[in-house]
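K.L.:
Assemble the complex: chain A is given as a structure, and chain B must be docked to it using the hints.
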Amino acid sequence: MSEVRLQVQNLCKSFGITKAVQNVSFNVNKGEVHALIGENGSGKSTLTNMLTGIYTIDSGHFILDGKEIHPKNQVEANNEGVSIIVQELGTLSGLTVAENIFLGHEERFVKYGIKNTRAMNKEAQQLLNKYGFNRIRAGAMVDEYNFEDRKLVEIVKATYFTPKIVVIDETTTALSQEGREELYKHMNRIREEGNTVIFISHDLPEVLRMSDTITILRDGVYIDTVKSADVTEDDLKRLMVGREVTGDYYRSDYGEKVSDEVVFSVRNVSVPGQISDISFDLHKGEILGFGGLSESGMHEIGKACFGASFDRSGSVTLADGTSIDSIPKAIKHSIAYTSKDRDNESVVMNQSIGDNICLPSLDDLRSVLFFLSKSKMKQFANEHAAEMSVKMVNTNQFVSDLSGGNKQKVVLARWIGKDSDILVLDSPTRGIDIKVKQDIYQLMDRMRKQGKSIIMISEELMELIGMCDRIYIMKDGKINGELHRDPDLDENALIAQMV
Amino acid sequence: MGSSESLSAKNKLSGRTAGFLVLFLLVIVSWAVFKIITPSNFGAPKNLLSYFEASLMVSAGAVGFYFVMVMGMFDFSIGANIMLSSIVGTVVASRFGLGYFGLIGGCVLTGAIVGLLNGFFYVKLHIPSMIVTTGLALIYEAIASYIAGGQSATLPADLRAFGSMPGNLILAVIAFLIAYLLLNYTRIGTYTYAIGSDEFVAKNMGINVNKYKVIAFIISGAFFGIEAVLTISYGSSMVAETGMLSMSRNFYPTMGCFLGLAMKKNGIPIPAIIIGEFFLQIIYYGFVALGAPTAVNDVISGLALLIIVTLTTKTRKGDIVK
Chain A
1 MSEVRLQVQN LCKSFGITKA VQNVSFNVNK GEVHALIGEN GSGKSTLTNM
51 LTGIYTIDSG HFILDGKEIH PKNQVEANNE GVSIIVQELG TLSGLTVAEN
101 IFLGHEERFV KYGIKNTRAM NKEAQQLLNK YGFNRIRAGA MVDEYNFEDR
151 KLVEIVKATY FTPKIVVIDE TTTALSQEGR EELYKHMNRI REEGNTVIFI
201 SHDLPEVLRM SDTITILRDG VYIDTVKSAD VTEDDLKRLM VGREVTGDYY
251 RSDYGEKVSD EVVFSVRNVS VPGQISDISF DLHKGEILGF GGLSESGMHE
301 IGKACFGASF DRSGSVTLAD GTSIDSIPKA IKHSIAYTSK DRDNESVVMN
351 QSIGDNICLP SLDDLRSVLF FLSKSKMKQF ANEHAAEMSV KMVNTNQFVS
401 DLSGGNKQKV VLARWIGKDS DILVLDSPTR GIDIKVKQDI YQLMDRMRKQ
451 GKSIIMISEE LMELIGMCDR IYIMKDGKIN GELHRDPDLD ENALIAQMV
Chain B
1001 MGSSESLSAK NKLSGRTAGF LVLFLLVIVS WAVFKIITPS NFGAPKNLLS
1051 YFEASLMVSA GAVGFYFVMV MGMFDFSIGA NIMLSSIVGT VVASRFGLGY
1101 FGLIGGCVLT GAIVGLLNGF FYVKLHIPSM IVTTGLALIY EAIASYIAGG
1151 QSATLPADLR AFGSMPGNLI LAVIAFLIAY LLLNYTRIGT YTYAIGSDEF
1201 VAKNMGINVN KYKVIAFIIS GAFFGIEAVL TISYGSSMVA ETGMLSMSRN
1251 FYPTMGCFLG LAMKKNGIPI PAIIIGEFFL QIIYYGFVAL GAPTAVNDVI
1301 SGLALLIIVT LTTKTRKGDI VK
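Protein chains in written order, with our numbering: chain A, 1 to 499; chain B, 1001 to 1322.
Extracted from the complex, chain A is given alone in its bound form:
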């Protein structure tokens, strides 16, 4: 029988009246990858944030190797043998790679108050080389490296001191396939060394492939712990959602003719360093997909269509010839946009859910003259938040309190409220659980049937294949291929055009 590494005992955490984690207890063993899954808002990140000292514990205990721990910050967690790699960027600009790796642990390089930068850089470089990241220079400013490389620095930072437990919190969604493989390699290494990985991911095939044991949470409550070898993806979906996930996941129609009516035209659009000479038409009631590697330029297409690109050349026009060259103009002409970078570009974090939903529709929510009607706003926000089933206390709650999936629901509620005819959705299901994903796919299908047109940009090939009428594959800033909806279309056909 495996030896227990971590005991989670009766753990509770509330934010105001929201009970994020309720009396959760389970064990994590030595030498395993232990996945933690659940819908958005199920309490996974809250639990691991308590383990790593980011949040304080309301009640309950973490027993690590028989000893109770209560770290107050990440450094204390590190000292107890627990580290974390987060979903978003976890390195600090303005510091060198070495300073980032040893941040909070500089004491061994400090003598008489003076830091031995050379020794710190030397040791950091040795670690980077040992991990196979020779191309990253320890003495260079971390700002010089791209997102992927900075994630590699985080892997070194979180694991160089051989912690007993490494928490990997939805990190893979932010990584390319190459970056994921690198991370998987180190997850296996940690397991082989007899240590433990707590792995949070919404990608269930990935969870089944990488983990030994899976614990499921739902609405902050512990549901079950199962062996990966004993369950299927459908079993996990049922445990996460609390019922069978019935009905079609993606669209089920094939062979439907898309309308010939062009509603949106892009001609010879270029953005220096991003995309080059892009032309396409979007038809009424069509879902048009854009796929490719993360840096292929596909995300810039969304911005260019919404008038949000800088230095854009070429033309973006509606069917009546109206040129879309700015964001206000796009919104005025019923175009909606959701960004891949949800937290920084789509939601206003420190504003209420209600304000976020009402933001582009304020002109329609006035009482007299330029005065806003609070009652209209409240009604509008409530109606569209309910339509999207946003999990919340009420619409006065701040968006910053919501999970990733619920933030995305708020963004979509905003544009549904605006009744936009053309939707540009960049990575609409990024970091979102299976149930919300299905809701979003069904919403897109409904909109398509209502005659609304959608541009869907995604790094998830299966959802492009499952949802789109046509798919453009981007490579090096250009359209490299076009594929049409077909039940026989598979990922390989897309990958062949991507690389």
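Keep in mind that the hints were calculated from the coordinates and are not lab data. These figures come from a predicted structure and were not determined experimentally. Any given hint could be a false lead.
[Unchecked claim] Below, simulated BS3-like cross-link-like pairs (lysine-lysine); rule was C-alpha separation at most 30 Å, straight line:
no., chain 1, residue 1, chain 2, residue 2
1, B, 1265, A, 122
2, A, 329, A, 478
3, A, 122, B, 1264
4, B, 1035, A, 130
5, A, 329, A, 67
6, A, 111, B, 1264
7, A, 332, A, 449
8, A, 449, A, 378
9, B, 1203, A, 111
10, A, 111, B, 1265
11, A, 19, B, 1265
12, A, 72, B, 1211
[What the hints assert, rightly or not] Chain B stretches covered by chain A per the calculated footprint, using a threshold of three residues with CB under 8 Å from any CB of chain A:
no., region
13, 1106-1113
14, 1175-1186
15, 1205-1215
[Claimed, not checked] Restraint-style ranges between C-beta atoms, simulated for each label pair:
no., chain 1, residue 1, chain 2, residue 2, range
16, A, 313, B, 1125, 48 to 56 Å
17, A, 398, B, 1033, 38 to 46 Å
18, A, 364, B, 1025, 52 to 60 Å
Using N, Cα and C, we set each Cβ at its ideal position, and we do this for glycine too.
P.N.:
Positioned in the frame of chain A, the structure of chain B alone reads:
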């Protein structure tokens, strides 16, 4: 992979070189412009030395103030600090007969205490540093006026070695070296940049953010104490001004720090502050040589600040600037 490494190295080298080139170009161009306009009474080697000496005073304070500004905080009590520190230093040196030890000790210690108070009230009251330091500046001015008996404090002639070469240069260079060491070779420097980059992440890394903010204010205050030594030694006396009149002394250290911040990405903030202050003094004395009214000088200095920071700050299109 290897190519990206060499590219990064090349970029870094060119960044530093480009930064120095911009700074030296600013100095040369500004000197040349005034030399052409007013060749007889501006820019001779002897004059340049006096401009440099004037810039040393301000630079000594500005390199310390950089620690506060890089964390995203501000200080409106710079002038009040310099005034109070120099008056206390003079009193300790002359009245208590402690000589140079009293002068330096009195100024630096007073500056550090002022910094401590700024930092303490800032972290405890949870209100913007700009407001805290403005309020405290009024108090520092009042204390300085009380100590100086409502008039001025005069440094005895035998204690003015730091008012001219080589004393001023030695003290300023020591200040620059300490600032450079603190910034690059101590935990304080690393944490200063970490807090300036992302306070929340820094806190999660176990950094006691409030403690290091207070330390930044103390460092800044102590360096203004050094500026106070140089200032009173150069000018021999300090008038105890009240009613926020001391704020006029805020301008040059702040301008120098802006240049330091702009050149942070080039990896040369401390040299940028030192060379930047020299450039600003050239502009100042250039206008003095032209006989331009103070108002014109202020307008040009203000515009120069905006132009320099705009030209040296690499903001990408679309970046949000607050």
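K.L.:
Would you mind marking each hint as holding or not holding in the structure?
P.N.:
Each hint, compared with the structure:
1. B:1265 - A:122: holds, 23 Å
2. A:329 - A:478: It holds: about 26 Å lies between the C-alpha atoms, which stays within 30 Å.
3. A:122 - B:1264: Roughly 24 Å between the alpha carbons, so the hint for residue 122 of chain A and residue 1264 of chain B holds.
4. B:1035 - A:130: violated, 59 Å
5. A:329 - A:67: Between residue 329 of chain A and residue 67 of chain A the Cα gap is close to 60 Å, so the pair fails against 30 Å, i.e. violated.
6. A:111 - B:1264: holds, 26 Å
7. A:332 - A:449: holds, 23 Å
8. A:449 - A:378: holds, 29 Å
9. B:1203 - A:111: Cα-Cα ~24 Å, so holds.
10. A:111 - B:1265: holds, 28 Å
11. A:19 - B:1265: violated, 44 Å
12. A:72 - B:1211: OK: residue 72 of chain A and residue 1211 of chain B at ~16 Å, within 30 Å.
13. 1106-1113: violated (count 0)
14. 1175-1186: Held - the region 1175-1186 of chain B has 4 residues with a Cβ nearer than 8 Å to chain A, which meets the minimum of three.
15. 1205-1215: n = 3 at 8 Å, threshold three: holds.
16. A:313 - B:1125: 48 to 56 Å: For residue 313 of chain A and residue 1125 of chain B the Cβ distance comes to about 52 Å; the hint holds.
17. A:398 - B:1033: 38 to 46 Å: violated, 54 Å
18. A:364 - B:1025: 52 to 60 Å: holds, 55 Å
When the structure is compared with the earlier hints, violations turn up for hints 4, 5, 11, 13 and 17 and for no others.
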